[in-house]
Amino acid sequence: RKEVEQDPGPFNVPEGATVAFNCTYSNSASQSFFWYRQDCRKEPKLLMSVYSSGNEDGRFTAQLNRASQYISLLIRDSKLSDSATYLCVLSNFGNEKLTFGTGTRLTIIP
Amino acid sequence: NAGVMQNPRHLVRRRGQEARLRCSPMKGHSHVYWYRQLPEEGLKFMVYLQKENIIDESGMPKERFSAEFPKEGPSILRIQQVVRGDSAAYFCASSPPSNTEAFFGQGTRLTVV
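Protein sequence lines, in the order shown, are assigned to chains A and B. Going left to right, the first sequence walks through residues 1 to 110 as the working numbering numbers them. Going left to right, the second sequence walks through residues 1 to 113 as the working numbering numbers them.
Bound conformation, chain A alone (with noise of 0.2 Å):
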């Protein structure tokens, strides 16, 4: 089984909707939660860090479920700036020895 599990998509979807992705992991040490996202052949950026009280950054909402070993981010009113791929990442500590899903690819479609 994968440390860190997403479904690849892609999704497709039209501007102004709102788009949830979900993503599972094995290990139940780790402590530290991210979203990143990467634009086709660039460098990961963080989106957001991923809390179990749940954080909100604009249009966007992360949610961490201990119990069940999942993370979630909604995205509000898409633009079509938000087309990219979509990274699951989590640490057993901080930033160190970081863990990536292989991402879900995101089109959003004027």
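Heads up, a few of these hints could be off.
As the list claims (entries may be wrong) - DEER-style ranges, computed between Cβ atoms:
| no. | chain 1 | residue 1 | chain 2 | residue 2 | range |
| --- | --- | --- | --- | --- | --- |
| 1 | B | Arg15 | A | Ser68 | 44 to 50 Å |
| 2 | B | Ser66 | A | Asn92 | 23 to 29 Å |
| 3 | B | Pro39 | A | Asn92 | 25 to 31 Å |
Simulated from the structure, these hints should not be mistaken for lab results. Cβ coordinates follow ideal geometry from the N, Cα and C atoms, glycine included.
Given chain A's structure and the hints, the job is docking chain B onto it.
Showing chain B alone in chain A's frame:
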């Protein structure tokens, strides 16, 4: 404050040659990490270094790969006797001592022909 700088951006090597990839962390960052991304795969951790120390190299292949982060100068990822399977994007990331957020460089795309 410049971001994490990697060079070269693209590197072509023939089988059997050596590849040297450089990474200059952001100013004030003392932690450096190397990751490899094979085509259509996720990033895989390779090594975590602090100045003059290898902290965790559990993701490094046992042979041909080495990494250093000297007191002065950039971190170097060295691949000896490259093979076609080494073709990948190699990303470096750095974080401050407080280990708050890791910032990634633009990567070096290695192609072995």
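_Whether the CB-CB distance between B/Arg15 and A/Ser68 falls inside 44 to 50 Å_ = Holds, at about 46 Å.
_Outcome of range test on Cβ distance (B/Pro39, A/Asn92; 25 to 31 Å)_ = 28 Å Cβ-Cβ, so the 25 to 31 Å window holds.
_Hint check for A/Asn92 and B/Ser66 - Cβ pair distance inside 23 to 29 Å_ = holds, 25 Å
Hint violations for this structure: none, all hints satisfied.
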